[in-house]
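> In order, the protein sequences belong to chains A and B. If you use the numbering used here, the first sequence corresponds to residues 44 to 154, in order. If you use the numbering used here, the second sequence corresponds to residues 1258 to 1372, in order.
Please keep in mind that the hints were generated in silico from the structure rather than gathered at the bench. Where hints are given, some of them may not hold.
[As the list claims (entries may be wrong)] For lysine-lysine, the following BS3-like pairs were computed, each having C-alpha atoms within a straight-line distance of at most 30 angstroms:
no.: 1; chain 1: A; residue 1: 100; chain 2: B; residue 2: 1279
no.: 2; chain 1: A; residue 1: 113; chain 2: B; residue 2: 1266
no.: 3; chain 1: A; residue 1: 100; chain 2: B; residue 2: 1276
no.: 4; chain 1: B; residue 1: 1324; chain 2: B; residue 2: 1298
no.: 5; chain 1: B; residue 1: 1266; chain 2: B; residue 2: 1324
no.: 6; chain 1: B; residue 1: 1279; chain 2: A; residue 2: 102
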Amino acid sequence: TQLLEQSPQFLSIQEGENLTVYCNSSSVFSSLQWYRQEPGEGPVLLVTVVTGGEVKKLKRLTFQFGDARKDSSLHITAAQPGDTGLYLCAGDRNSGYALNFGKGTSLLVTP
Amino acid sequence: DTAVSQTPKYLVTQMGNDKSIKCEQNLGHDTMYWYKQDSKKFLKIMFSYNNKELIINETVPNRFSPKSPDKAHLNLHINSLELGDSAVYFCASSQDSSGGSETQYFGPGTRLLVL
């Protein structure tokens, strides 16, 4: 059973466009993380959201945690080629040391 | 200095062989993990160790055996390799915590191809 559903699975856009990636679940998470993975590398943490309704900004990236702590979104403003990568959401259900990962959104930003 | 390192980076082997992947972290973390990422990029937890003790053992064939000689190392030994074991295996570590809200630091991955 896939706990976290990410959409879209693939996204190809032009430099300068805006985009939103979604991470949805029917389960409640105590926290949710977003990672970015570049080809040939391991995932790198971008942000952790903990409080329902929380919004965090990281330069052109805006992360939101749903009020019910079941979903999250990542919005990128004015995407750049350097944003290209696999974006993974991961949730903690207080199960102890385990993160449940979504299947990822593969983003390609072309100049 | 690399925070989480894995060796080898690439591993090509025949079905039925036994192989090991090594992982070391120099972050002083208490918790280490092994994840498997399949061809569709799905990342799934396999094992988690906290202070050398097994905490999580997901539904993984018993051909996979993790070993933690000390809290800075978590190795993965795989017996009787099968075609379906082909994947990228990631080691990760985090500071001891009560859950997954801690940052997990991933290694560069080991690309295993079973022929």
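> Work down the list of hints and note, for each, if the structure agrees.
Hint check results:
no., hint, verdict
1, A:100 to B:1279, "violated, 36 angstroms"
2, A:113 to B:1266, "violated, 36 angstroms"
3, A:100 to B:1276, "violated, 43 angstroms"
4, B:1324 to B:1298, "holds, 25 angstroms"
5, B:1266 to B:1324, "holds, 19 angstroms"
6, B:1279 to A:102, "violated, 36 angstroms"
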